[in-house]
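Since the structure of chain B is provided, determine the placement of chains V, G, D, H and R on it from the hints.
There are 6 protein chains.
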Amino acid sequence: MEISNFDRSQILVQALPYIQKYYNKIVVIKYGGNAMINEDLKQAVMEDIVLLSLVGIKVVLVHGGGPEINDMLKKINKESKFVDGLRYTDEETMEIVQMVLAGKVNKDLVALLEKKGGKAIGLCGIDGGMITAVKHREKDIGYVGDITDINIQPVLDVINSGYIPVMSSVAGGDHAFNVNADLAASRIAAVLGAENLILMTDITGLLRDKDDESTLIKELNVSEVPALKMQNVIKGGMIPKVDCCVEAVRRGVKHAIIMDGRIEHSILIELLTDAGIGTMFR
Amino acid sequence: MEISNFDRSQILVQALPYIQKYYNKIVVIKYGGNAMINEDLKQAVMEDIVLLSLVGIKVVLVHGGGPEINDMLKKINKESKFVDGLRYTDEETMEIVQMVLAGKVNKDLVALLEKKGGKAIGLCGIDGGMITAVKHREKDIGYVGDITDINIQPVLDVINSGYIPVMSSVAGGDHAFNVNADLAASRIAAVLGAENLILMTDITGLLRDKDDESTLIKELNVSEVPALKMQNVIKGGMIPKVDCCVEAVRRGVKHAIIMDGRIEHSILIELLTDAGIGTMFR
Amino acid sequence: MEISNFDRSQILVQALPYIQKYYNKIVVIKYGGNAMINEDLKQAVMEDIVLLSLVGIKVVLVHGGGPEINDMLKKINKESKFVDGLRYTDEETMEIVQMVLAGKVNKDLVALLEKKGGKAIGLCGIDGGMITAVKHREKDIGYVGDITDINIQPVLDVINSGYIPVMSSVAGGDHAFNVNADLAASRIAAVLGAENLILMTDITGLLRDKDDESTLIKELNVSEVPALKMQNVIKGGMIPKVDCCVEAVRRGVKHAIIMDGRIEHSILIELLTDAGIGTMFR
Amino acid sequence: MEISNFDRSQILVQALPYIQKYYNKIVVIKYGGNAMINEDLKQAVMEDIVLLSLVGIKVVLVHGGGPEINDMLKKINKESKFVDGLRYTDEETMEIVQMVLAGKVNKDLVALLEKKGGKAIGLCGIDGGMITAVKHREKDIGYVGDITDINIQPVLDVINSGYIPVMSSVAGGDHAFNVNADLAASRIAAVLGAENLILMTDITGLLRDKDDESTLIKELNVSEVPALKMQNVIKGGMIPKVDCCVEAVRRGVKHAIIMDGRIEHSILIELLTDAGIGTMFR
Amino acid sequence: MEISNFDRSQILVQALPYIQKYYNKIVVIKYGGNAMINEDLKQAVMEDIVLLSLVGIKVVLVHGGGPEINDMLKKINKESKFVDGLRYTDEETMEIVQMVLAGKVNKDLVALLEKKGGKAIGLCGIDGGMITAVKHREKDIGYVGDITDINIQPVLDVINSGYIPVMSSVAGGDHAFNVNADLAASRIAAVLGAENLILMTDITGLLRDKDDESTLIKELNVSEVPALKMQNVIKGGMIPKVDCCVEAVRRGVKHAIIMDGRIEHSILIELLTDAGIGTMFR
Amino acid sequence: MEISNFDRSQILVQALPYIQKYYNKIVVIKYGGNAMINEDLKQAVMEDIVLLSLVGIKVVLVHGGGPEINDMLKKINKESKFVDGLRYTDEETMEIVQMVLAGKVNKDLVALLEKKGGKAIGLCGIDGGMITAVKHREKDIGYVGDITDINIQPVLDVINSGYIPVMSSVAGGDHAFNVNADLAASRIAAVLGAENLILMTDITGLLRDKDDESTLIKELNVSEVPALKMQNVIKGGMIPKVDCCVEAVRRGVKHAIIMDGRIEHSILIELLTDAGIGTMFR
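Residue numbers (the numbering used here), protein chains in the order written: chain B, 41 to 322; chain V, 41 to 322; chain G, 41 to 322; chain D, 41 to 322; chain H, 41 to 322; chain R, 41 to 322.
The shape of chain B in the complex, shown without the other chains (with noise of 0.2 Å):
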């Protein structure tokens, strides 16, 4: 890269406004998909909280971890039974979700973010009695769960001692129970007042147009969501996760963005530039 030390300087500057508006506010970061598994994207995203957390912005980590589940059940030979659509997570299932969630991915996180410089501490939904959740209620799949409260003093503790909190998205309460990553940060972001909820996601935003790039739709109101479901704009995978963003705005959050995750440094762009990267919802 050929930039002079003038136009880096430049660059700093110019984040200045957006350092300002973040300031002291929450963000909470879904982290999940390519961003995830590419090890350079992983690398951007972690650096990116780091920078994030040193100006002054206080990030929340929440985490799923999906393709780490399905390898550890290949290899202890698991073989997964579907419940339309969704797999049925017996008490061996969801002791690999466990494990794998809060022992492996969230530990893995919080390492890359210490050496990153950040300090962070990783806990999953029993900590504290953080999430409680009980059996899905439409149908049983055994222990996917559904949130029925949130505890946030934990996060803000951890907040307040001056730590990033990495969530693992595993639930308590009579057992413990693998709950929706999407969910459980959108509901964390309600309940903290975050200025922000970024879904880190594969594609590039809401399309107009599938086929079109060009057609992203960069803002909308939460209000006119369902005129886009009817259109079909809104459609299939992607109707969880607006649904997840207009709930997080509904209970106070003030913008919720589908973000393509597969950009390089994607969150400091959206949060520190005045480019935006995928759709937000406000």
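Read the hints as simulated data drawn from the structure, not as lab findings. Check the hints yourself; a few may be wrong.
Since the list gives no way to pick one copy over another, a pair counts as held whenever it fits inside one copy or between any two copies.
What the hints assert, rightly or not - Calculated lysine-lysine pairs in the DSSO-like style (CA-CA distance at most 30 Å, straight line):
1. Lys-250 to Lys-269
2. Lys-159 to Lys-65
3. Lys-175 to Lys-159
4. Lys-155 to Lys-179
5. Lys-159 to Lys-294
6. Lys-294 to Lys-82
7. Lys-82 to Lys-175
8. Lys-155 to Lys-175
9. Lys-175 to Lys-156
10. Lys-61 to Lys-175
11. Lys-118 to Lys-179
12. Lys-175 to Lys-115
13. Lys-275 to Lys-179
14. Lys-250 to Lys-275
15. Lys-159 to Lys-82
Structure of chains V, G, D, H and R alone, referenced to chain B:
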């Protein structure tokens, strides 16, 4: 149990001087062995810890989890290679160790403490850069680590926010490492200036005559240890445990106890009654 | 007492939910009657209070001291004049009342609590302008006072500095006044938003049939009181005590208990076991 | 008094450097003698103390109460036995001493301070285990105590909560003890690192010629005391008072003053004007 | 002055209820006129302020500085253009105004307060964005500003750090502006919820008959002002000053006083004696 | 500037280790020369400072203002008398110096910082008695002062309240004094234990060959200074600046930098990139 209300109150009152003695003091408990496998004992230990924390004693729980690691390795058909009797911990094994300790055992203990009414947060040595290790320096046994540094701040932050820290013996550094839980507990107790270090074991304590429980050494000065080693009273598997105790006392821990974890509520009996359980080093 | 260590630990563990229930809550105890005269009972009460304060319950002790006042009046050959059964408290009598309560009974209790390992500070209603009274408004009985104002700040300051406040039922204002200790305790409990008000008495509690202890009313709603008065279940000397309880509950105290102070460790049994002692108003 | 508003303001302004000098400093006043008996003087002392506390000076008031004790003993027809001129304090006498000092004199002073607009809390050496004593070691005179330990924390807690501590010279330990109030004040001043110790007396101060008030020694270094004792300038009842002053200065109190308590507002004049009253040791 | 020590102490004691009344309250003083020009009066005002701050009254000093500005303009031979009797404040004039007020008058006052033993910090409305103004909206008179916003936080920060804030009537915004000091003081007093606003003037106060000082209106309710304006009792230069007082009282200031600053120590006499100086609005 | 979003984010990320290095550290910047006269440079410096303060670096800005003083003196037709090349600062000149520095330059900088989104408070050495000086001791040049004392508390109070302190080189004492801003900055940096002292100048830095910019000495140990003086590498006007740096480092400042203030954003480039600007003493 046919115990009158008066007797009950008497017993509570008799605990008074012990509660006063340990009030606001730190007690580090290395939890393992039978007390961790037997369900009744496990319940009893968790009840003890919650009670201690309620009466103002600051408990730090450190755990390993050998049997659970073995179960998981078996599940993935991982054969163990041994070097001088120590399991060679290759990359894949280390991954299992981390998952099982930090993801399974740790969070299950947290869940149990929460269920008993405690407030607990589960951590491992990676969180907040608490335990740093390097590869074992004597022989190459993979990711078995020697502790090089303890950063106690996160433990203090968690204690001061009112939680019981539950710590896995997994360390960070250039890689994740499996460290000896007794040693980790000993080092943590020393840095915290703990009142007591309790190592829960499956033996009665140090016996002068290994076949005669009546020869239990109830208390000894760490200066007496070398002689007892020469007399073969301390030998075999007891040596590293005793060394952990000696090291802790030398670094300022008031008492280190090798405790018989097979006795229900042994911790409570040790700390809150005039009965001692096991062998105390001072 | 032949109780095994295991049984001892069981009893401690069984206190756990009760300790959790009262943790950081305020309990106001009006101390008097036999429990104040009988030396064994007195020792037991003080042990109970120190234990409660150690397990995180904030106890406020309010006391009167009729018998000690009588002894002192006898010593100075002071004859008592009575008005409708109430002793006329002239200047000289009031001086004796203040001396005996604030100087003798109060400090003796503080000394006993300190000896048992508690941290206590003795106050009366004059200190910090805590209790203000005026002359009894119904009839002229000298310096018998009606409480007009409670300034609770000094009690809170003493509690927050970590001491057990021990309070004499002497009030300030234009003069020193002798106020009813039950009433003072009831008012203090109300202003503090106490969890429990405990009035120690020399009776078993409210009995439906005064000659049959098995007819003890263990719990009743304050709305049931008028009916019980009409039925003569509540009558005579019980009326003012019951009224104190009703008043406290009406002003926000969770439970008010007329407790049998003749039972050793009745406070501990009431608060930390599943046995109830006396009659609880809610 | 015909003093113009200008003169009034001048006098207030002239107090400025003195207020600055004592701002946030601790002044321990041993209150006794005429200033405690004469009603006008008493009112003036209380006004002085409230004013000092308002302008940021931290006053600790220590008092005895010989005359009131005598009155009470007379009332109960208690004859006093003397040993070498000191009253033998038997059990019953000690009870009277405690009642009169901690219950009567102490609370009356608190009431007066509160009336003048101060915030005061009355304590004795038993409260919070502040003053521990043992039986006088030289001869058996009953419960006359020698101070063995001062626990200053409760005084600091009371000061820091914004109250003026008023302290009776009653100590705790194995029993209640009557301790010398001058000595108690001297010890408390030393432990508090007070700026000034003021002993209120009924004399003008140290006079070189006892019959000539113009020979008043206004200031002297504690090193000059032995010579003055040899010259009989310090003698009789003055010796223990001077010794209290010397002891206080030796233990770090800046100035100790034997003050003429018969002069109205002597404390204010001493501290807030350029006139000195009595003899100052440094 | 021939005033006895006793009289001196009496005067100090008589200030007691006034000190209690204003303890920890905020008093905003607009300082100007003769009291700012006459050296003796200036010294007296500074002494008064230091004394008030020592006895626990939180003083905020607001000042203008017309005469000093005139002197400086004369020095640079700047002729003043007038618009309807108000000086047109062009760029160069504004620069002089800012320099003289924030650099000369302000820092000289701070130096004087420090010399008298006070702790003071000099600020203007630009510091911390405290006073925001826009160009006067009625006519174009250059950089004469109308206050649009008060950010009181910096004043509170300075008070809470223990300093006396000394404030120049210079405001920020798009440019530096000269704002009316009376108005600035009135607005600051209102936002601070001050106990008193004191405007120092060169008149006796409101007189019913302008030629007869005995007709001074010592106190009046703000509701009486309109009538007094109609009766020409309030007229000319008094109108804006009275309006400042009315505005302050309407916005919650307890009392606003038009004070005769030509009387030495008028502030002290007003606040700490029973003599009132000038006219008080409530 | 044609820089991609990715490159922008890269530059932000590359600043990460530098931000971490200076996090919560104090940097004292002596601001002057071209960077203070040239409008673009001035804007850039203010942007740099606001950015630094947002990323957690505590900046203290110290300034002089020679050219502005000269302009003002010219305006009032004040001729300057020189003594050994130093301007004689008579009473009138000192007044102008104080007005210009503390009233004009200082507040203009504060206004600019506030406009850029910073929170700043302007002070001079008189405020809070921060800088005390006496007349220059070597020769009589009027109110040119030698610093005798630094009271750093007000600077800390302002920093801890979250503001950027902007300080004029005007000192207090018996009179206002004009002190050298480089020296003031050096002394303040030393007392604060600053990480860096930055002196902004109009030169490239120390050059081994004054005509060859490629001979810039990028870093040197303060012990090398005497030799460089002998070799005439450090000479003339550089000597006092170098001495300020040496003095600061000797008193504990980590690095002192003579920085080329003619380069836009030189502060940001120096602190947040791997390019160094000017000469660093350590």
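Hints versus structure:
Taking CA atoms no more than 30 Å apart as the test, Lys-250 paired with Lys-269 passes inside one copy only; the shortest distance there is 13 Å, against 72 Å between copies. In this homomeric assembly, Lys-159 and Lys-65 come within 30 Å of each other (Cα to Cα) both inside a single copy, at 18 Å, and across copies, at 18 Å. Proximity of Lys-175 to Lys-159 under the C-alpha cut-off of 30 Å is restricted to the inter-copy arrangement: shortest distance 23 Å between copies versus 34 Å within a copy. For the homomeric pair Lys-155 and Lys-179, the shortest alpha-carbon distance between copies (26 Å) is at most 30 Å, but the shortest distance inside one copy (43 Å) is not.
Taking the shortest alpha-carbon separations for Lys-159 and Lys-294, both the intra-copy value of 26 Å and the inter-copy value of 25 Å come in at or below 30 Å. In the homo-oligomer, the alpha carbons of Lys-294 and Lys-82 lie at most 30 Å apart inside one protomer (26 Å), although the nearest pairing across protomers, at 35 Å, exceeds that limit. Taking the shortest alpha-carbon separations for Lys-82 and Lys-175, only the inter-copy value of 26 Å comes in at or below 30 Å, while the best intra-copy value is 32 Å. In this assembly of identical chains, the alpha carbons of Lys-155 and Lys-175 lie at most 30 Å apart only when taken from different copies (18 Å versus 37 Å within one copy).
In this homomeric assembly, Lys-175 and Lys-156 come within 30 Å of each other (Cα to Cα) only across copies, at 21 Å, whereas the closest approach inside a single copy is 38 Å. Taking the shortest alpha-carbon separations for Lys-61 and Lys-175, only the inter-copy value of 29 Å comes in at or below 30 Å, while the best intra-copy value is 40 Å. Taking the closest pair of Cα atoms, Lys-118 and Lys-179 come within 30 Å of each other only inside a single copy of the chain (22 Å); across copies the shortest separation is 36 Å, beyond that limit. With identical chains, the CA atoms of Lys-175 and Lys-115 are at most 30 Å apart both within one copy (26 Å) and between copies (27 Å).
Proximity of Lys-275 and Lys-179 under a CA criterion of 30 Å is satisfied intra-copy only: 22 Å inside one chain copy versus 58 Å between copies. For a Cα distance limit of 30 Å, the shortest separation of Lys-250 from Lys-275 inside one copy, 11 Å, qualifies, whereas the shortest one across copies, 71 Å, does not. Taking the shortest Cα distances, Lys-159 and Lys-82 sit within 30 Å of each other inside one copy (17 Å), while across copies they are farther apart (33 Å).
Violated hints: none; the structure is consistent with every hint.
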